[in-house]
Structures are given as structure tokens and as C-alpha cells.
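Full structure from sequences and hints, please.
Protein sequences, first through last, are from chains B and S. Note that this note's numbering numbers the first sequence so that position 175 is 175, with each residue one more than the last. For this note's numbering, add 1000 to where a residue sits in the second sequence, where the first one is 1.
Hints listed in this document are in silico derivations from the structure and should not be mistaken for laboratory results. Predicted model only: the values in this text are computed from it and were never measured. Treat the hints with caution; some may be incorrect.
Using 27 Å as the maximum straight-line C-alpha spacing, the simulated DSS-like pairs for lysine-lysine come out as follows [as the list claims (entries may be wrong)]:
#1 1224(S) - 1294(S)
#2 1416(S) - 173(B)
#3 66(B) - 1282(S)
#4 1224(S) - 1204(S)
#5 5(B) - 1282(S)
#6 1282(S) - 1204(S)
#7 5(B) - 1224(S)
#8 1234(S) - 136(B)
#9 66(B) - 1294(S)
#10 5(B) - 1234(S)
Residues of chain S placed beyond 12 Å of chain B at every Cβ, according to the derived structure [unchecked claim]:
#11 1037
#12 1039
#13 1041
#14 1052
#15 1060
#16 1063
#17 1097
#18 1112
#19 1114
#20 1117
#21 1133
#22 1209
#23 1234
#24 1367
#25 1369
#26 1398
So, partial list: chain B residues that the calculated Cβ filter (under 7 Å) puts toward chain S [what the hints assert, rightly or not]:
#27 11
#28 13
#29 21
#30 79
#31 99
#32 106
#33 136
#34 153
#35 164
#36 169
#37 176
#38 178
#39 182
Positions of the beta carbon are idealized from the N, C-alpha and C atoms, including for glycine.
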Amino acid sequence: AADAKRLGLGREALPEEIAAWNVDVRPDGSGLPEGSGSVMDGEELFVDYCAVCHGDFAEGVDNWPKLAGGDGTLADRDPVKTVGSYWPYLSTVWDYVHRSMPFGGAQTLSADETYAIVAYILYSNYLVDEDFVLSKDNFLEVEMPNADGFIVDDRPETEYGRFSEEACMENCKDSVEITMHATVLDVTPDEGAEAEAGAAMEEANAD
Amino acid sequence: MTAETEKKGASRRAFLKGAVAAGGAVAGAGMARAAEPDPLITEVQEWASGLGEGVDATPYGMPIRFEDDVIRRNVEWLTADTISSINFTPIHALDGTITPQGCAFERHHSGAIELKKEDYRLMINGLVDKPMIFTYADLERFPRENHVYFCECAANTGMEWAGAQLNGAQFTHGMIHNMEYSGVSLRTLLTEAGMETTGDLSDKWVYVEGADASSNGRSIPMDKALDDVLVAFKANGEALRKEHGYPVRLVVPGWEGNMWVKWLRRIEVMDGPVESREETSKYTDTLADGTSRKWTWVMDAKSVVTSPSPQSPITHGAGPLVITGLAWSGHGKITRVDVSTDGGMNWQQARLATEGQNKALTRFYLEIDWDGSEMLLQSRAHDETGYVQPTKDALREVRGENSIYHNNCIQTWWVKENGEAENVEVS
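Listed below in C-alpha cells is the structure:
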């Protein structure tokens, strides 16, 4: 990056400014502030701030995200992906809750409150006992079940070769059958495609 | 097609032809002759006699009311609410390649925020010589670049993994827009903060986040950051729309839309990825065995026929028909698009409206003489790396049905004899 010269625009960021915005927490725990919180405190906070969408036991309400459950379902037809069944790092839970939750009231949780809520989410996933206290010091001791569940994008090895063969242009298959229809499910919004197509067809037929 | 449907098709065709001959309504082949003079021509119309609107009527115009169906649409059941949600570009009704900003799709995680230029701040911190703060006015003083790129949501076509589900190109392929961006290269801004003391850049990352409550933080490897990433403040000639990140967004050419961070407020140079929520819980692609791919950044070559399509049926009967669509690739230029009218048994090369553009939408056309029989329309994109857009079955063979994101399969529209089209899967 030394190939262009500086223009002298902008100003140096002050430490207070960086501290206010640079709050990301990484898998190795860097970025975590001092503090701690217990499952018991977390339960109370969760009921107050989170349960209306995520349920009393982090099991999710209606279409709102489930935060607990689904262990062992990732290879199922309909996997249930939660903090316990899917998320590889506890740092992400802390970082995301602290920065972006509760939905509509983000950045209102203190460090201790965040530790407590994260402890409660762990408890809801049967990953810690009810007397557990999460802190900056023991943060990395928590084992996330799906920590090894991820591989770096391997499309270059598994797909790009097989999808770069010369394309067939003629007589590529013996027959073609329709195997599935979107209209069977009929889940497209009414005011959308179907109404439109319907109107166009009526117009066409009227001609 | 099977012999059975072939026969059925043939007899329906015969019926249709008979009907046309008897009614004489539509021209089957050759030019129709009008029975009576057209009053739209023979009578003086209001617009040819009276006056239209003055130049002061519309300081900033909207499309004419007859085009009021060319709008973004929402699919309610897809998400828990409309704030962290998606809507769809009406690609079935557009032509060319540039997406009008007013109907270009939106995807927010905590809504479209209002952030005025005066309140805007961009921080660059982390492993740089000097952490920096830029105002919006500062950004406008850096050397500028202009580029056209597509922004495709990683989840575009994601509802179609397990089968044909939504009936219309807008819904199956409309999480995409294509704009001409003006802005400053990220490389220029990183240079301003200085990376003399950063050390080896090849193992460094930038973490980018927005000013909204969701923050949408994502990690980007430094070689991409220094390659073609833009910090953009204009799109299609004017300021970004509020819902597209006003006043400043990141443009990450060829890469999944989630990384195009809107309302960009901070860029941190780091020695590793953050593994944020948007690159662990979301935007990771689960395979059949339960393991998941992460950092699937590039959007592979893809195409779709936009017309005819379920929302854009054939209403003019047999005869000349324009088949058109869009093709794009995150790996570079589209070099060729093939179109099939028989579900992939036979293909012919379509005409590219212009030469394929780097990591941008490319328009294709195939003009045919439609005989009024049913078709199974498909398009197949090729990009400059030699990659050929796969079928959905070929993708599912590698990935299974639960990867949610990165579905770039060949789409099939079943066009019936009456001109209606439907989203289907074929063998």
C-alpha cells in the first residue's frame, strides 16, 4: 500500500472515540471487557429483555430465532441451527448480543449484563450448570459443540473443476419431465406474480 | 418431453391453430390486416390537442402511473418481521442492465436508518500507522473511481433449494441490483491511515461495520480490500438511497451482498477475522453431512430468463418472440449465455447486448419464432474462467439441500401454450 501518497485528509482518531466504536470481540477473547455475570442473573435479564421474542428458555417464539436446542440436527432434512447446535465461537454470542441486541434497543446492555445473558444462553443449551458464572477469565474454557463444524470455502476444489467442463449443446438428454411446480405450493404473494400474470392473461384473452 | 405430453401438446397446438383461424383475432403468421380504421389514429386524441404538464410540475419524478406494478415486493412469510428482512427487485419488468435505484432490492438487519452527511463519520483503526476519522466532506476530496457492479444477496434463489417454490423471477432471482458506483477505493483510504507499520499484508484482514444497530460486521482479507473494494457515495449518478446506505456504503465486487456494508462507519485492520455473527451463524453454508462452509464470498456465474417468466407471460400469441434475461459472475466477465427451449435437451447461444462486463449484469437476448407450443425455458451462463452455470441437481449433488445461500442453479420456466409461465423443476 506504499504505492500512493497521503493527501493529508481526515484527522487522527482519539482513544475515547476508538474505545466507543471498536467493541468487536474475537474468538481468542481479545476485545472482551472486564466483568462477569451468572446464569441466575442472566435468567432474570433474559426474561426482561429477550424472552418476548426468544422465549423464556431461549427456544424462540413464532418465527423469531431459536437460541437453544437442535443439537445433532445439522445433517437432518431440517436442521435446527442455534447457539448450541451451530455457532462455533462464544465470542460471537457476546459480541453480537452486546452490540446489536435487544432488537430495537441495541447497545443498552452493560458488560456484566452481557456476560450474564450469555451465561444464561449457555445454560439453556445445557452447556453449563445453573450455578455457572461467566467472566473474562474463564471465557475460553467454554466448549462450543460445533467449533469444528466449519470448513473454509472449498468450491475451487469441489466444484469449479466439475462445473468447467465443455457444455453439451445438442441431444443432451433423452427426455425431460417436470418434477416440481411452484404453483402446487402456492406461497407467492397474491398481489405479486399471480395477480399480475392473471391480469395480463385476462387482458390477452379479452383481445 | 415424454411421448405422452408431446402428443398432448401437438393436439392442443392443432386446437389453438383452429381457434385462431376461426376467430381471426391474432396473427399466427404474417401480417394481420385491420378490419376497421383504428380510432386512436383516426380521431384526434386529447394529448395531441391539449397540453401536458409544465416543467415545474415534478422536480424529481417517479415512473408514470401505468408502470405502478414495477415495484419492490415483500414476501411476508420469509422473515419474522419486515425490519430484518428482504424485498425483491422487479427484474421481470426491467431491461438493459442498470437497476433503477427506486426499485432496487433492500436487505436490512435493523431497518433502513437515516444518517445525514453532517453526522457521518468513518473511522479507520487497528493495525495502521495512525487511526483516522474522516467526515463525509473529507471523502469527497479523495481521487474518485466509477465502476458498474452487481450486488447479489447471498440468499438470492435460496428458497428454491428444495424445489420450485416462488412463482416469478422477481421472487426467485430479484435479490440483486446493478449500479454505477462513484467513490474512493478502499486502498486509497487505507493508504491515508498508513500501513508502513502493519507488517506482512498477506495475512491481514479488514473488519468493516455499519452505523446501524445490527452493525453487519464482516471480515475481508486484505488482498481483496486492496484489490477492487470501493467506498461509494454515489450510485447511478446520484447519492445513495437511504435504504442502500446513504451517505456511504462499501462495494465489494463479485462478493456476496452481505459484505457490501451500508452506512459504513468503521474499518479496522486486523491480523485475523472477527468471526462475527454474519460470518458464523449466517452466511455459512451447511452441507449434507452437517459440516458447513464458511467464507463463501464469491457469487458464482448465474443467469435467469426474465421474460417470458411467470410475471411476464406471452400475451401476443405465436410468432416473433424476444426471450431475454440477465447473466452475471463474481469471477469476472460473462463470455456466453446458452438458452434452451426444451428443458436442456438442446441449446443455442443467445446474443449478448453488450460484451460481458466485469462482475456486472449482462443482458442477453434470443429472438425466436414461437410456434405456440409449450416450452421449458432455461438459460446457462459461462464466465471468463470457463465456469459453466450448473443445474440445481448438480449443485445438490455436491451440497445437499440445506446450504441456504449461493444457489446459482439453472432456472426453468414452463411456458404453456396460452403464454402463461410457471416456475418448475425438470428431470
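Going down the list of hints, with the structure as the test:
Annotation: proposed proximity of residue 1224(S) to residue 1294(S) holds, straight-line Cα distance about 16 Å (limit 27 Å). At most 27 Å may separate the alpha-carbon atoms for a hinted pair to count; residue 1416(S) and residue 173(B) meet this at roughly 21 Å. About 14 Å separates the Cα atoms of residue 66(B) and residue 1282(S), which keeps this hinted pair within 27 Å; it holds. Restraint check for residue 1224(S) and residue 1204(S): the C-alpha separation of about 11 Å stays at or below 27 Å, so the hint holds.
For the given pair, residue 5(B) sits about 38 Å from residue 1282(S) by alpha-carbon distance, which is inconsistent with the 27 Å threshold. Simply put, residue 1282(S) and residue 1204(S) have alpha-carbon atoms about 23 Å apart, close enough for the 27 Å limit, and the pair holds. The suggested pairing of residue 5(B) with residue 1224(S) holds, with an alpha-carbon distance near 20 Å, which does not exceed 27 Å. Distance check on the hinted pair: residue 1234(S) and residue 136(B) sit about 43 Å apart at the alpha-carbon level, beyond 27 Å; violated.
Using a Cα cut-off of 27 Å, the hinted pair residue 66(B) and residue 1294(S) holds, with the two alpha carbons roughly 21 Å apart. A distance of roughly 24 Å separates the Cα atoms of residue 5(B) and residue 1234(S); the hinted pair therefore holds under the 27 Å criterion. With a minimum CB-CB distance of about 18 Å to chain B, residue 1037(S) clears the 12 Å threshold, and the non-interface call stands. Interface exclusion of residue 1039(S) from chain B stands, the closest Cβ pair being 16 Å apart, more than 12 Å.
The non-interface label for residue 1041(S) is consistent with chain B: the shortest C-beta to C-beta separation is roughly 18 Å, beyond 12 Å. For residue 1052(S), the requirement that its beta carbon stay farther than 12 Å from each beta carbon of chain B is met, with the minimum near 26 Å. Every beta carbon of chain B lies more than 12 Å from that of residue 1060(S), the smallest distance being close to 26 Å; the non-interface claim holds. With a closest Cβ-Cβ approach of about 16 Å to chain B, residue 1063(S) is found to remain outside the 12 Å limit, as its non-interface label requires.
Every CB of chain B lies more than 12 Å from the CB of residue 1097(S), the least distance being 23 Å, so the non-interface label holds. Consistency note on residue 1112(S): stated as away from chain B, and its beta-carbon is indeed over 12 Å from all of that chain's, at 14 Å minimum. Against chain B, the non-interface label of residue 1114(S) holds: every CB pair exceeds 12 Å, the least being about 16 Å. No Cβ of chain B comes within 12 Å of the Cβ of residue 1117(S); the nearest lies about 15 Å off, and the non-interface call holds.
Distance check on residue 1133(S): its Cβ comes as close as 5 Å (rounded) to a Cβ of chain B, failing to clear the 12 Å threshold; non-interface status is violated. Not every Cβ of chain B is farther than 12 Å from the Cβ of residue 1209(S); the closest lies at roughly 8 Å, contradicting the non-interface assignment. With a least beta-carbon separation of about 18 Å from chain B, residue 1234(S) lies farther than 12 Å from that chain, consistent with its non-interface assignment. Separation of residue 1367(S) from chain B is adequate, the least Cβ-Cβ distance of about 19 Å exceeding the 12 Å criterion.
At the 12 Å boundary, the C-beta of residue 1369(S) stays outside the reach of chain B, the nearest C-beta of that chain being 19 Å off. Look at residue 1398(S): its CB is around 6 Å from the nearest CB on chain B, not clear of 12 Å, so calling it non-interface is violated. Restraint check, residue 11(B) versus chain S: the minimum CB separation of about 6 Å is within 7 Å; hint holds. Given the 7 Å rule on beta carbons, the hint for residue 13(B) holds: about 4 Å separates it from the nearest Cβ of chain S.
At its closest, the beta carbon of residue 21(B) sits 5 Å from a beta carbon of chain S; the interface hint therefore holds under the 7 Å criterion. Look at residue 79(B): its Cβ gets to within about 6 Å of chain S, closer than 7 Å, so that hint holds up. Against a cut-off of 7 Å between C-beta atoms, the interface hint on residue 99(B) holds, since the closest Cβ of chain S lies about 5 Å away. Taking 7 Å as the C-beta cut-off, the interface hint given for residue 106(B) holds, the closest approach to chain S being about 4 Å.
For residue 136(B), the interface hint is violated, the least distance from its beta-carbon to any beta-carbon of chain S being 17 Å, above 7 Å. Evaluation of the residue 153(B) hint against chain S yields a held restraint, the C-beta minimum of about 5 Å falling below 7 Å. The beta carbon of residue 164(B) is positioned within 7 Å of a beta carbon in chain S (closest approach about 4 Å), and the interface hint is therefore held. About 5 Å separates the beta-carbon of residue 169(B) from the nearest beta-carbon of chain S, less than 7 Å, and the hint is met.
For residue 176(B), the shortest C-beta to C-beta distance to chain S is roughly 3 Å, which falls under 7 Å, so the interface hint holds. Satisfaction of the interface hint for residue 178(B) is found here, the shortest Cβ-Cβ separation to chain S being roughly 5 Å, below the 7 Å cut-off. The interface hint given for residue 182(B) holds, since its Cβ lies 4 Å from the closest Cβ of chain S, which is under the 7 Å cut-off.
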